[in-house]
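Take the sequences, apply the hints, and build the full model.
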Amino acid sequence: MITALLVMALGAVLLGAALGYAAVKFRVEGDPLVEKIDGILPQTQCGQCGYPGCRPYAQAIANGDADINCCPPGGEDGIRKLADLLGREFKPLSGEHGVEKPKSVAVIDENVCIGCTLCLQACPVDAIVGAAKQMHTVIAPQCTGCELCVAPCPVDCIAMVPIAESMDSWKWKYPVIEIRKAA
Amino acid sequence: MLNSPYITKPASVSAVMFKVLAALLPGIAAYVWFFGAGILLQIALASITALAAEAAVLAMRGKPLGLFLKDGSALVTAWLIALTFPSIAPWWLIVLGVLVAIVVAKHLYGGLGQNPFNPAMVAFCVMIVAYPQLMSQWPAAGFTDFAAEFRAIFGADRHLDAIVMATPLDALRTVLRLPETRATVEGVLGSNATFGNIGGRGWEWVALGYLAGGLWLIQQGVISWRVPTAFLATLGLISGAFALVDATQYAGPTFHLFTGGAMLGAFFIATDPVSGATTVRGQIIFAAGIALLTWIIRTFGAYPDGIAFATLLMNICVPLIDMRTQRPVFGRKTGKTPDGRQP
Amino acid sequence: MRRLFGFWGGIKPDSHKNESTRLPVAKAPLPSLLTVPLRQNAGASPRIMVKAGDPVLKGQMIAAPEDGLSVALHAPTSGHVRAIEARAIAHPSGLAGICAIIEPDGAERWVELEPLDAARTSPEQLRRRLREAGLVGMGGAAFPSYVKAGGTAIDTLIINGAECEPWITCDDMLMRTRGEDIVGGAIMLRELLGARKLLIGIEDNKPEAIAAMRAAATRADPGLEVVAVPTRYPAGGEKQLIRVLTGLEIPYGKLPSHFGVQCFNVGTAAAVHRAVSRGKPLISRLVTLTGNVAEPRNYEVAIGMPVNELIALAHPQADTDRYLMGGPMMGFALPDLAVPVVKATNCIIAASPTLFPAPTPEMPCIRCGACAQACPAELAPYELYWFARSQNLGKCQEYHLFDCIECGCCAFVCPSRIRLVDYYRYAKSSIRAREKDKLAADHARERYEFRLAREEREKQDKAAKLAAKAAETKAKLARASAGDESAPASESDDKKALIEAAMAKAREQTTPALNTDVHRMTAEQQAQVTVAEARHAAATATAAKDT
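So the protein sequences, as listed, match chains X, U and V.
Per the working numbering, residue 1 is the first one in the first sequence, and the count goes up by one each step.
Per the working numbering, residue 1 is the first one in the second sequence, and the count goes up by one each step.
Per the working numbering, residue 1 is the first one in the third sequence, and the count goes up by one each step.
Quick list of the computed label-pair ranges, beta carbon to beta carbon: (1) X:Gly87 <-> V:Lys436: 25 to 31 Å; (2) V:Ala468 <-> X:Glu100: 46 to 52 Å; (3) V:Gln391 <-> X:Val112: 41 to 47 Å; (4) X:Pro102 <-> V:Lys459: 32 to 38 Å.
Don't read these hints as lab results, they were simulated from the structure.
The beta-carbon is built from N, C-alpha and C at its ideal position, and this holds for glycine as well.
Rendered as structure tokens:
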């Protein structure tokens, strides 16, 4: 009886030590879940989800404060990926945060721009260049299409222009399966 | 707009399936010659049930009926079930078997191309577990009385004593395992004239029929030569090795190859593309595995023939086998540059 | 006899080559308008040098190579530039690209040609000539030839005359009629690359071409070897031909030159010869017109000829329902018949339901493995299909999707009639798009984090400065009050100090509101600003003029 107890106790101590060692030795730095969620989010930094950027939203999802269907730029595809990652049910995009739109870039009408710098301050990725009293312009490849610069403009000279399909961005479509169509 | 390629080889799933059916004909002919036309009844029963079940399930699943009924895959399953079940089994046994195969083993897993297990073998295993006695009542060779067979299949009252006969495999297994006798392979098989010279009278001819059909399938490019070769070679080698050690207790390769379902298994069951391995090395491992398990079940197991269980066991391993036997792709093989230059 | 190597898989479709080789090569008449797409090669577009209304001479450079992999573009005939605008070009997408529209004057006046003596020209000069003559691979990929001619440590040069796709015969006819040009160009390329061996690989279903090339080769250089390779699609694929002739396998992601081999199409070799020893740029090519037409034939066609005017020459039959550019295995159905012939166009096939029947419905994959038996890249097409279909792109890459050369052998043999290549094309472009998006997202994240850090820093700087200022004011006040406690002026002094502090604060606030980014602008951004400012200046100028 005593031997058995001793054996069990010893086993518990050894296993506990091993677990404790492993916890220290293989400690994961940071929060990998937040990183992973952030990796799925489109990095538009638009704040449509109600958080100041993609990373805060990722943090909120990881903490369980936010739902996974609040990101319009990520679209259905993004929600599906988040659902896969987190093992949750897929949900359609929540309407209150906006609708999925084709990817666009901001274009400043340079004839109207008065150089007020308000859009510069609004841009989350510093994709607008210019200085006070000088006309501004958007660096298209760096624009994430977040629309945050549109509202502050006092002269409404910023328009969101959908990115047209070009030879470089053209994609082959998913094959249509006749069987599925017939079914 | 349709994309390239715009030309295709004249091949189709149904062509493949009907070639398989045609290749079964020599074996069936031998079957009829030695065991009577009862098997034809069973084949007809199985075919009708299979097509009806297929149509019903396809309709329920909302799939196009014409397209899938014509593919012939249900017929192949039906014929294999008929050929593996005893030809004097009652009609409801084969109907039940076919239903299990088509509804459960095939369509519950997603239909054509999706079933992880060979449907015919699932049917056989389910039935032999559920009705072991009925599944072991085989007609004696030379018994070709169609009326008696008809009664055995459809009659309510089954007088089978005159018809039934232990198959060679069954006899060997039962007698060799009796503790009080000192029976030998020679004693069991040799003492009984009805067991013929190689794999049991009649059965060896049926096996030859399957062999002929199988060779034709290889010639037609329907099945790969690797699967039957690996199967037969493994079965031959293992049985040969044990027969060398103790010929009195272990039957030799000729017996194993020409008895029971060995030839059917080698050319028609292990070659099922859907539930079998697809890579070149995988096919060899898969077929050799079935052969090895078959021999083990035949020799040490509780069931007369082991092909069905062996096939299902290897079916389980297929995803693993396929994953582990992927060949290196073009340009990624190591050390294969002829003038020694490393990629 | 050279030892040949095999390659795994491949198929033997009906070749249909005899139809278009019965008649000799003819010269296609000039169309009413030529549409010359600016970008015809893999890589970058050249810079356009002409504008609407400009007269051009035949062979005159209309677009100059710029940075990146670009080659020059020339006027295919003399005439006028009608416009520079976006037109539908030959691409499965049916998208438009910038084209130079040239109206021929019919005079065919050549620009002054400058032939070079290959033996007395430096390799750099020769390569520049290839680039300025607009040479790209004419086998279909249209890779700039000057780049490939610049490889170092090349041991074997291979000239590809295999032409394995059914129906196409333009290389066959070129070899029969212009063997000297091909051999001449091949020898120039060999000297340029310093290659030891020069092999010309031709499929053995083209005996006339083999004979003609052998004759031309013996006359030019007995060291040159014309090798008949077994006819099996895709023996004309670069990787497959290299494998057959040398036994080397070029993996995805590597170039033949890494293995000491370089491969050019016969058409490219002939064009090299014309470009160097006659000074003629690439402005026309042989195109096979075949399929459901009354008179299948090969034509010498000016680049930019609209396809609809070209096919009229061969008299298509009434039941023709679409036209394919390229072969039936790897070509594509033209979404628009007004598209022009480009440097990579080798064949136009009139398709009818009898010649190219509509596919029967797709059945489920039965894992028969026929595709794996046929795949020359030795992939597992059935696995790739499964992964691509379920959009499991990671697995696709794991099973080497990008090693797929899209030859179509798998779809050709599939008994279930699955359009396998469509799935691979879809998966490949999805993966490419995904990687591009990922890159952009990473970039955006970096910029966003940088901005946050910057704002944080600015806030801290500001706080520090304010604190310092406040402390200073306080000290001043303290000093003032300590110096003269009863002085009546102390109140005004006090006020003055406060005003000063407020003004300092205001200054502090305005400075950081300016875009601090201006000081960290990249060259690219700077350029954008300059351009934008120029636009702005022009706009204000016009606005001023208007008022």
